[in-house]
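Enquirer: Protein chains in written order, with this note's numbering: chain A, 43 to 346; chain B, 43 to 346; chain C, 43 to 346; chain D, 43 to 346.
Simulated from the structure, these hints should not be mistaken for laboratory data. A couple of the hints might just be wrong.
When chains are identical, the list treats them as one kind, so a pair holds in a single copy or across two.
Claimed, not checked - When the alpha-carbon atoms are kept at most 20 Å apart in a straight line, the in silico SDA-like pairs for lysine to any residue are as follows:
(1) Lys252 <-> Ala311
(2) Lys93 <-> Gln280
(3) Lys140 <-> Val323
(4) Lys88 <-> Glu195
(5) Lys204 <-> Asp303
(6) Lys306 <-> Val268
(7) Lys346 <-> Gly108
(8) Lys196 <-> Asp275
(9) Lys346 <-> Phe298
(10) Lys252 <-> Ala107
4 protein chains.
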Amino acid sequence: MKRIILATVAILLATSGVWAQQNRPQNANAQQFARMMRNVSRVETKTIHSKILNADREYCIYLPAGYDNNPDRSYPILYLLHGMDGTNTSWFELGHLKDIMDQLRSAGEVCDMIVVSPNAGGKIQEGYWNGYFDMEGWAYERFFYEEFLPTIEKEYRVKADKAHRAVAGLSMGGGGCTAYAQRHSDMYCACYAMSALMHLPAPQANPKEKTKMWYLTEAANRYSCVEFVQNADDATKQALLTVAWYVDCGDDDFLFDCNIDFIKAMRKANIPYQLRIRDGVHNWEYWRTALYSALPFVSRNFGK
Amino acid sequence: MKRIILATVAILLATSGVWAQQNRPQNANAQQFARMMRNVSRVETKTIHSKILNADREYCIYLPAGYDNNPDRSYPILYLLHGMDGTNTSWFELGHLKDIMDQLRSAGEVCDMIVVSPNAGGKIQEGYWNGYFDMEGWAYERFFYEEFLPTIEKEYRVKADKAHRAVAGLSMGGGGCTAYAQRHSDMYCACYAMSALMHLPAPQANPKEKTKMWYLTEAANRYSCVEFVQNADDATKQALLTVAWYVDCGDDDFLFDCNIDFIKAMRKANIPYQLRIRDGVHNWEYWRTALYSALPFVSRNFGK
Amino acid sequence: MKRIILATVAILLATSGVWAQQNRPQNANAQQFARMMRNVSRVETKTIHSKILNADREYCIYLPAGYDNNPDRSYPILYLLHGMDGTNTSWFELGHLKDIMDQLRSAGEVCDMIVVSPNAGGKIQEGYWNGYFDMEGWAYERFFYEEFLPTIEKEYRVKADKAHRAVAGLSMGGGGCTAYAQRHSDMYCACYAMSALMHLPAPQANPKEKTKMWYLTEAANRYSCVEFVQNADDATKQALLTVAWYVDCGDDDFLFDCNIDFIKAMRKANIPYQLRIRDGVHNWEYWRTALYSALPFVSRNFGK
Amino acid sequence: MKRIILATVAILLATSGVWAQQNRPQNANAQQFARMMRNVSRVETKTIHSKILNADREYCIYLPAGYDNNPDRSYPILYLLHGMDGTNTSWFELGHLKDIMDQLRSAGEVCDMIVVSPNAGGKIQEGYWNGYFDMEGWAYERFFYEEFLPTIEKEYRVKADKAHRAVAGLSMGGGGCTAYAQRHSDMYCACYAMSALMHLPAPQANPKEKTKMWYLTEAANRYSCVEFVQNADDATKQALLTVAWYVDCGDDDFLFDCNIDFIKAMRKANIPYQLRIRDGVHNWEYWRTALYSALPFVSRNFGK
């Protein structure tokens with residue numbers, strides 16, 4: 043009976059992650075421990091040097107269980123974009139991505155996939171550049187398509203085709219993922235936009251000083267997701283039909299209106315979409331719970 | 043149009059909490075700001091000195107929006123218990139209690155209520171006492187009922203009766219809340235147990251040294267929630283019928299079996315209960331999502 | 043052991059409703075059986091004669107468990123409106139209202155309430171009048187407020203005040219319930235509109251022949267729920283603030299646009315609402331699943 | 043504007059299915075209409091003659107949209123079993139299978155699949171045989187595997203292998219599907235049991251008269267799903283690991299206990315499963331809502 047109690051207590055400790063760290067040396071040598079670890083999913087934080095941005099850029103990447111043990115297997119990939127106040131760590135620290143992925147994988151609701159979140163900037167109010175588009179002095183979209191994505195798909199075993207690549211994001215990253223999937227519809231099979239900044243009005247035409255916020259506003263206006271659909275010609279509409287679209291926005295979100303504008307444009311253009319309006323505002327409770335539908339959605343669309 | 047952009051950007055910043063801190067001095071004097079703040083919910087961390095435990099004990103408390111502005115109004119209260127590895131801050135930092143309460147309140151799914159989480163101990167593997175029951179050297183249950191609860195219900199405007207008092211908890215706190223509601227059924231109208239440690243086998247009868255873990259195990263065995271129901275006489279069963287019971291446990295939780303044992307005892311004793319088995323394990327994703335049913339459940343049972 | 047099998051089989055049969063009918067005479071005399079039945083909920087179909095419509099009108103009414111056993115108790119009431127193709131039986135036969143009410147009541151998610159569904163017409167394409175508004179030759183709204191509602195609230199033990207009266211409906215009945223709650227905001231505490239026909243463009247000004255469909259279209263245009271909000275003066279807006287509004291519409295519903303128009307008007311008028319867009323079209327799967335949120339919603343708003 | 047109204051009204055009528063029947067002759071000749079129909083899903087009720095049972099047996103079959111238009115395409119198949127009081131029509135009339143399949147397909151939550159429901163008997167209390175197992179005088183399991191399944195998979199374009207065949211059912215059919223997947227684990231990739239009759243105690247050893255109910259009870263005891271797992275040898279356990287198992291049962295279902303017994307056996311045998319306990323009893327509300335998880339579950343497991 044003592045064994046049962048000890049076992050229960052051991053599991054209690056183990057579940058909190060304490061066990062793994064404390065008991066490693068006694069229970070397994072480094073090699074054994076490393077082997078064991080390779081059977082579970084993990085998150086890495088890495089840095090890539092960008093010539094285009096002339097800076098080091100961090101990213102976080104989720105690798106599914108078994109990634110190291112199956113050196114010949116390649117995986118679908120989801121690019122997951124943060125919002126204006128976030129960085130590459132946001133989806134992992136505030137969105138609890140790893141726990142949710144592991145649970146959905148265990149239940150069979152998602153396939154094995156890689157999820158990567160790049161850092162699109164620091165807090166703009168602290169003087170950093172921010173945004174997913176090309177601006178004067180911050181050619182982020184060029185960085186993304188010429189440096190970041192190719193590096194990721196070379197460094198990791200990624201099924202590097204449209205049928206196995208998806209993009210999702212929240213707020214500024216919701217507009218970012220939609221604009222990326224609109225203008226690179228040959229690259230993504232699915233796009234999931236949460237509480238998305240789908241467009242912004244044009245900023246003042248000739249300000250005394252062009253701040254970083256001015257440039258961000260100008261880019262968000264230039265790449266309006268709403269106008270893109272409104273202005274799409276037939277060939278563009280045909281291209282948009284090859285992507286699975288999902289829009290998810292809270293009924294009390296302050297960006298509600300521009301999401302509806304986007305949906306109205308899609309309806310008028312006869313492009314199918316999924317739309318969900320759930321209870322909520324522009325916060326992490328909304329985005330974290332959105333993962334429970336976003337991850338199965340992109341998973342279902344892989345390989346079709 | 044510039045105003046629209048500025049407004050949008052202002053809201054973007056505000057949603058991240060930045061605005062409130064940065065712009066306070068310009069927009070409002072301290073008094074005005076304080077008044078404004080009283081209309082939103084808030085969380086306080088306070089300390090109470092326990093003579094019984096001969097120590098200072100922290101707690102965190104959620105006060106609903108309008109608490110300060112309505113000095114004549116009193117509120118129902120939920121005692122929310124953490125698990126073996128947690129403290130008074132766990133439900134607020136890892137469980138995101140404030141965001142979820144605010145959202146459910148806004149949607150009308152919960153009434154205005156106070157939620158308080160006491161600290162039942164530090165990490166036992168670091169040498170601290172832990173647990174909700176009375177043990178030699180750690181009379182926590184006496185502290186809870188003679189010092190903590192009376193102080194809270196005196197210091198705050200609480201509707202201090204059974205019809206407006208509920209208890210909930212996770213893991214060790216799930217066993218704790220169930221045992222509290224069983225043995226103090228005249229005090230609580232509702233009990234919501236998540237991934238609960240409903241019983242433990244007895245520890246070794248005469249160990250060389252009685253560790254804190256030995257005492258915790260002995261107490262959890264002594265206050266087995268399963269045996270309490272199995273051994274209940276008719277008067278006790280009548281008392282149990284006055285509490286609304288809810289059991290919520292993951293299908294892959296390592297404590298699954300003892301939750302089922304509890305349910306089997308309840309069925310045999312003809313005591314109604316709600317049971318939900320959802321997808322999941324023993325982790326914060328489960329407990330955080332449980333709040334979306336736990337808080338409405340206790341709210342519905344207040345004042346009946 | 044044989045008893046266990048027989049018991050199991052008996053329950054198997056009972057669950058299908060067969061038992062109750064087959065075994066009544068053997069197990070209970072008529073009086074005992076009647077007493078037993080009064081402890082469960084039931085649905086009655088009755089007829090009321092309308093002088094205004096110069097016709098008999100049917101309705102179906104759900105009475106909660108215990109209604110007959112508690113002759114001094116009165117209940118909140120929900121008026122539940124059918125769509126253009128429906129009648130008073132639709133919510134009960136196709137919407138499974140009784141099973142869903144019983145389940146939600148058993149789980150404590152709704153309070154004891156009466157639900158009544160009047161017959162607003164037959165199939166218009168078969169030559170019957172249809173609609174919830176006053177038209178030339180079909181003064182249904184007068185019937186509803188001068189004959190139907192007063193009769194129901196006299197014949198049954200209803201808490202006949204705004205705080206305990208709600209209205210809900212689907213499609214044409216979704217527009218109907220919204221228009222009723224708009225123009226009789228002193229009578230309802232809550233309104234839940236599903237896939238609602240919130241407005242219709244005006245029909246041809248001077249048709250050769252004014253068909254029943256012409257009159258229905260004209261009334262739906264005259265009582266546009268969207269224009270009502272757009273044109274509301276301050277006093278009307280104040281009145282609208284006293285009702286809890288809920289709009290629920292499928293992302294592929296053909297009436298999606300007019301629901302969004304309604305929401306936009308509500309946002310502009312600063313009137314709070316709940317909005318949910320779920321997966322689905324204009325069919326009974328949507329409305330039946332809507333009951334799981336509609337019934338708790340009106341229940342939570344009773345007695346506030 | 044008249045056109046808009048007419049269009050709206052036309053759609054209103056169309057949604058009720060009236061339009062399709064009324065307007066066919068005017069709008070399309072028979073061939074055109076037939077072509078149009080082939081793009082939507084449909085349900086057929088057919089009859090198969092069984093030599094084994096010496097009787098005609100009905101079945102209902104759901105064919106996905108596009109079935110007729112893609113004569114070279116074959117589909118995965120789900121065998122969906124009714125309960126003791128049901129027949130082949132139950133899942134379609136009471137379970138609304140077609141509407142739910144169409145909606146989930148439209149949202150991408152299920153793949154194109156065929157769903158077929160055989161008739162396992164009439165009401166036993168009316169003198170009919172009933173049950174999915176072989177009994178003296180009712181060799182239903184032989185009929186199912188030697189006549190029914192081979193005929194279906196010959197008559198329709200079915201992907202006739204384990205990777206594309208699943209089985210599900212409710213109550214007696216929940217026990218039936220589990221027993222089928224246990225003893226034919228080489229034939230099914232997934233099994234979803236709802237409110238399942240997982241075992242029955244043995245009937246009286248030597249009754250005066252062996253009724254049809256006696257035979258049914260004896261067969262359900264002989265093929266106990268619980269004992270099958272408890273008695274499984276290593277090879278059998280290995281075979282069980284090749285099926286994805288899902289158990290779904292209401293917290294107030296009178297068959298709750300035998301579902302828990304089944305889960306306990308599975309845990310002890312280390313065979314993974316999904317378990318959900320939701321709010322509800324043994325009725326069609328439970329089974330209908332179960333389809334929203336059952337159909338995606340089997341769909342996700344096809345082709346793995």
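Enquirer: Each of the hints needs a verdict: does it hold here or not?
Expert: How the hints compare with the structure:
Taking identical chains as interchangeable, the C-alpha atoms of Lys252 and Ala311 are never at most 20 Å apart, the minima being 36 Å within one chain and 36 Å between chains. In this homomeric assembly, Lys93 and Gln280 never come within 20 Å of each other (Cα to Cα): the closest approach is 35 Å inside a single copy and 54 Å across copies. For the identical chains of this complex, Lys140 and Val323 are inter-copy neighbours only, at 14 Å across copies versus 23 Å inside a copy, given an alpha-carbon limit of 20 Å. In this homomeric assembly, Lys88 and Glu195 come within 20 Å of each other (Cα to Cα) only inside a single copy, at 14 Å, whereas the closest approach across copies is 50 Å.
In this assembly of identical chains, the alpha carbons of Lys204 and Asp303 never lie at most 20 Å apart, being 27 Å within a copy and 36 Å across copies at closest. In this assembly of identical chains, the alpha carbons of Lys306 and Val268 lie at most 20 Å apart whether taken from the same copy (9 Å) or from different copies (17 Å). Taking CA atoms no more than 20 Å apart as the test, Lys346 paired with Gly108 passes between copies only; the shortest distance there is 17 Å, against 23 Å inside one copy. When the C-alpha separation of Lys196 and Asp275 is checked against a cutoff of 20 Å, the pair qualifies neither within a copy, at 34 Å, nor between copies, at 46 Å.
In the homo-oligomer, the alpha carbons of Lys346 and Phe298 never lie at most 20 Å apart, since the shortest distance is 31 Å inside one protomer and 29 Å across protomers. In this homomeric assembly, Lys252 and Ala107 never come within 20 Å of each other (Cα to Cα): the closest approach is 47 Å inside a single copy and 40 Å across copies.
In this structure, the earlier hints numbered 1, 2, 5, 8, 9 and 10 are contradicted, and the remaining ones agree with it.
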